[in-house]
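*Asks:* Each chain, letter by letter, is given below.
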Amino acid sequence: MTAFEAAGLTRSYQLEGVTVDALRGVDLTIGDGEFAAILGPSGSGKSTLMHLLGCLDRPTSGVLKVGGVDVSTLDDTKLAELRNQMIGFVFQSFHLLARTSALDNVALPLVYRGVAKADRRKRARAALEAVGLAHRLDHRPSQMSGGEQQRVAIARALVGDPQVVLADEPTGNLDTRNGEEVMGLLERLNADQGVAIVLVTHEPEVANRARRQIHVRDGLIERDVA
Amino acid sequence: MRTAEAFRMALEALRVNRLRSALTMLGVIIGVSAVVILVAIGTGAKDAIEDEISGLGSNIILVVPGQLNFQAAPTQSRLDLGDVNYVRRVVGDPSRVTVSVQSGENIRVGRNEAFVTVVGTDENIPNVFERPLKRGRYLTETDIDTRRRVAVLGSEVSQQLFGDLDPVGRQATIAGVRFRVVGVYEKVGATFGVARDRETHIPVTTAQRLLGVERVNGIAIGASGPDVIDSLGQKVVDALTARYPDEKFSAVTQTQLLGTIGTVLGMLTGVLAAIAGISLLVGGVGVSNIMLVSVRERTKEIGLRKALGARQRDVLGQFLIEAVLLTTIGGTIGIALGVGGSLLIEALSPVPASITLWSILLAFGVSAVVGVFFGVAPARRAGRLDPVVALRAE
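Same order as they appear, the protein sequences are chains A and B.
Residue numbering for the first sequence is 1 to 226, as defined by this note's numbering.
Residue numbering for the second sequence is 1 to 394, as defined by this note's numbering.
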């Protein structure tokens, strides 16, 4: 089984009448349980690639299979369901709902899966325990440190048992110590639970902790080092 | 996503922005309570006037010379007692026909004086009108035939002249002529501003001599049932026209009065409701406006929800439910205020107010529809947001 399988992937945007090619033909396969980093300078197309892999966006051309499913065959509703089932997201700026407890933030993906409330809370609690935040269940994001908030976000990414976690600059807003902690957590999840992790970063020292580095430049894969 | 979940989310969002939600609801609250109160006043006025008309008695036909026209002075009557007897023969049952000659006169008892409507009429009053006696007796045929100077007082006249004394058997001076009081009517209230409790009834023959007239002002007929009112009225008008080919006569029935006045007041109520409805519409525009602001403000939240697996319809539903909750909660508060306001108006002012179920249901229904109508555009905008763009928004 492969988490992602991309062939000839392109993505271009119309910006004020000018066509910008963000991706110009990417072939990429990421297997189950892999720990890969996508590296590149800003404007290289790594964020675009990440959005395509996360099914937040559709390729202009090329084929993308997520968990073996060709996303071009899915309508928006099915794509949303695919995201919900297969992919967990971790963002640079956490993206937690303010005024909502850690527990309810973590349970949110299960709401859209139609899981009953008691079950949701049970699973969300387990996910928070797994990231070491059993003592922060009822705290709101504003009552937690950045490192804790990112761990809540990781718990939210994991609560639905995804096949892969996409982490977009997960340490970008954290100090070294907290960044270290988050990376350790991702490594542990990859090792213990077999969740594939794809992290997007421009920091080589973060990328070096992945077992595979995919270098993106000018919309193409420049180097793929395992 | 389950519906209950969507409601919970929407309520949570409204709770978080309490002040904004309250202010948005205010437009709907004002609109709905205005609909309820104005419809209550319109309906109350209609009910009050219909009560007055039906309080006259049942199945009454008023025959008057000329055409009934509220904009012109009444036609000079050419009807006299001979014509009344003619009408009695046409109707067939003389006891169902009564007559009136009216004039405003002074009435005096000792040092008490009152200006009243003196009505010259006959013994058939109780057969035609709803006019119960409190004391004494009605006018009798003998009173008419022998031109007796006897009077039956309206309740207010009696109160004013005699206070708590029983006036039956006592003397009263009408236009300088002494009369003996033989009866007092029960209080019946006013009809069309005619204070019937301020009337004093005397025999029609006596009245004609007192006032120096030959004519009568009008004839009233009590039909035997509702189904013969129109035909009987037409029959009498035709007979009178046959007798006086150059004159016009009109028969006015309660049904006609009720119909005309009902239509006018129904329109009035409709206009009031429409004006109130406009304010409800304005409230709806406010809801739409705030929902658009809310969607823009929560773009990142929407992007996140979509990334986590919210489908277009989940997001659309969430915002639509928010809008509908705003208007229906506002509508419910508006109904409560409208009902309270109507009861207060009824209790504290002379304006009658009658709360109707249809106006409440309509106001609630309209506010829900307003929520859907004005919520759809912002909710669709939210539902269609591109998750990538939404997540990047700052």
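Hints listed in this document are in silico derivations from the structure and should not be mistaken for laboratory results.
Glycine included, C-beta positions come from ideal geometry on N, C-alpha and C.
Incorrect hints may appear among the rest.
Label pairs and their computed distance ranges (CB to CB) [unchecked claim]:
{"hint": "1", "chain 1": "A", "residue 1": "A226", "chain 2": "B", "residue 2": "E297", "range": "26 to 32 Å"}
{"hint": "2", "chain 1": "A", "residue 1": "G114", "chain 2": "B", "residue 2": "R18", "range": "27 to 33 Å"}
{"hint": "3", "chain 1": "B", "residue 1": "A393", "chain 2": "A", "residue 2": "E203", "range": "23 to 29 Å"}
{"hint": "4", "chain 1": "B", "residue 1": "A4", "chain 2": "A", "residue 2": "S93", "range": "46 to 52 Å"}
{"hint": "5", "chain 1": "B", "residue 1": "E297", "chain 2": "A", "residue 2": "R58", "range": "25 to 31 Å"}
{"hint": "6", "chain 1": "A", "residue 1": "G31", "chain 2": "B", "residue 2": "A393", "range": "50 to 56 Å"}
{"hint": "7", "chain 1": "B", "residue 1": "A393", "chain 2": "A", "residue 2": "V20", "range": "16 to 22 Å"}
{"hint": "8", "chain 1": "A", "residue 1": "K122", "chain 2": "B", "residue 2": "L348", "range": "56 to 62 Å"}
{"hint": "9", "chain 1": "B", "residue 1": "R313", "chain 2": "A", "residue 2": "N173", "range": "52 to 58 Å"}
{"hint": "10", "chain 1": "A", "residue 1": "R211", "chain 2": "B", "residue 2": "V369", "range": "56 to 62 Å"}
{"hint": "11", "chain 1": "B", "residue 1": "R18", "chain 2": "A", "residue 2": "G31", "range": "46 to 52 Å"}
{"hint": "12", "chain 1": "A", "residue 1": "E203", "chain 2": "B", "residue 2": "V369", "range": "27 to 33 Å"}
Within a straight-line C-alpha distance of at most 27 Å, the following computed DSS-like cross-link-like pairs (lysine-lysine) qualify [claimed, not checked]:
{"hint": "13", "chain 1": "A", "residue 1": "K65", "chain 2": "A", "residue 2": "K122"}
{"hint": "14", "chain 1": "B", "residue 1": "K300", "chain 2": "A", "residue 2": "K117"}
{"hint": "15", "chain 1": "B", "residue 1": "K46", "chain 2": "B", "residue 2": "K187"}
{"hint": "16", "chain 1": "B", "residue 1": "K187", "chain 2": "B", "residue 2": "K134"}
{"hint": "17", "chain 1": "B", "residue 1": "K134", "chain 2": "A", "residue 2": "K78"}
{"hint": "18", "chain 1": "A", "residue 1": "K65", "chain 2": "A", "residue 2": "K78"}
Sample of chain A residues lacking proximity to chain B, with all beta carbon distances greater than 12 Å (derived) [claimed, not checked]:
{"hint": "19", "residue": "S47"}
{"hint": "20", "residue": "H51"}
{"hint": "21", "residue": "G54"}
{"hint": "22", "residue": "E81"}
{"hint": "23", "residue": "M86"}
{"hint": "24", "residue": "R211"}
{"hint": "25", "residue": "I221"}
*Asks:* All the hints need checking, so say for each whether the structure fits it.
*Replies:* Structure-based check of each hint:
1. A226(A) x E297(B): 26 to 32 Å: With Cβ atoms ~45 Å apart, the hint is violated.
2. G114(A) x R18(B): 27 to 33 Å: holds (30 Å)
3. A393(B) x E203(A): 23 to 29 Å: holds (25 Å)
4. A4(B) x S93(A): 46 to 52 Å: violated (31 Å)
5. E297(B) x R58(A): 25 to 31 Å: At 27 Å between Cβs, range holds.
6. G31(A) x A393(B): 50 to 56 Å: Since G31(A) and A393(B) have Cβ atoms about 34 Å apart, the given range 50 to 56 Å is violated.
7. A393(B) x V20(A): 16 to 22 Å: holds (20 Å)
8. K122(A) x L348(B): 56 to 62 Å: holds (58 Å)
9. R313(B) x N173(A): 52 to 58 Å: Since R313(B) and N173(A) have Cβ atoms about 33 Å apart, the given range 52 to 58 Å is violated.
10. R211(A) x V369(B): 56 to 62 Å: For V369(B) against R211(A), whose Cβ atoms are near 59 Å apart, the range 56 to 62 Å holds.
11. R18(B) x G31(A): 46 to 52 Å: Holds - the Cβ-Cβ distance for R18(B) and G31(A), about 50 Å, lies within 46 to 52 Å.
12. E203(A) x V369(B): 27 to 33 Å: violated (55 Å)
13. K65(A) x K122(A): violated (32 Å)
14. K300(B) x K117(A): holds (25 Å)
15. K46(B) x K187(B): Since the Cα atoms of K46(B) and K187(B) sit roughly 22 Å apart, the hinted pair holds (cutoff 27 Å).
16. K187(B) x K134(B): holds (8 Å)
17. K134(B) x K78(A): Violated. K134(B) to K78(A) sits at ~84 Å, over the 27 Å cutoff.
18. K65(A) x K78(A): Answer holds: K65(A) to K78(A) is near 14 Å, not above 27 Å.
19. S47: violated (9 Å)
20. H51: violated (5 Å)
21. G54: With a cut-off of 12 Å, G54(A) comes too close to chain B, as the shortest Cβ separation is near 7 Å.
22. E81: Violated: least Cβ distance 7 Å, not greater than 12 Å.
23. M86: Given that some Cβ of chain B is not farther than 12 Å from that of M86(A), nearest at about 10 Å, it is violated.
24. R211: holds (26 Å)
25. I221: holds (21 Å)
Violated hints, in rising order: 1, 4, 6, 9, 12, 13, 17, 19, 20, 21, 22 and 23; the structure is consistent with all others.
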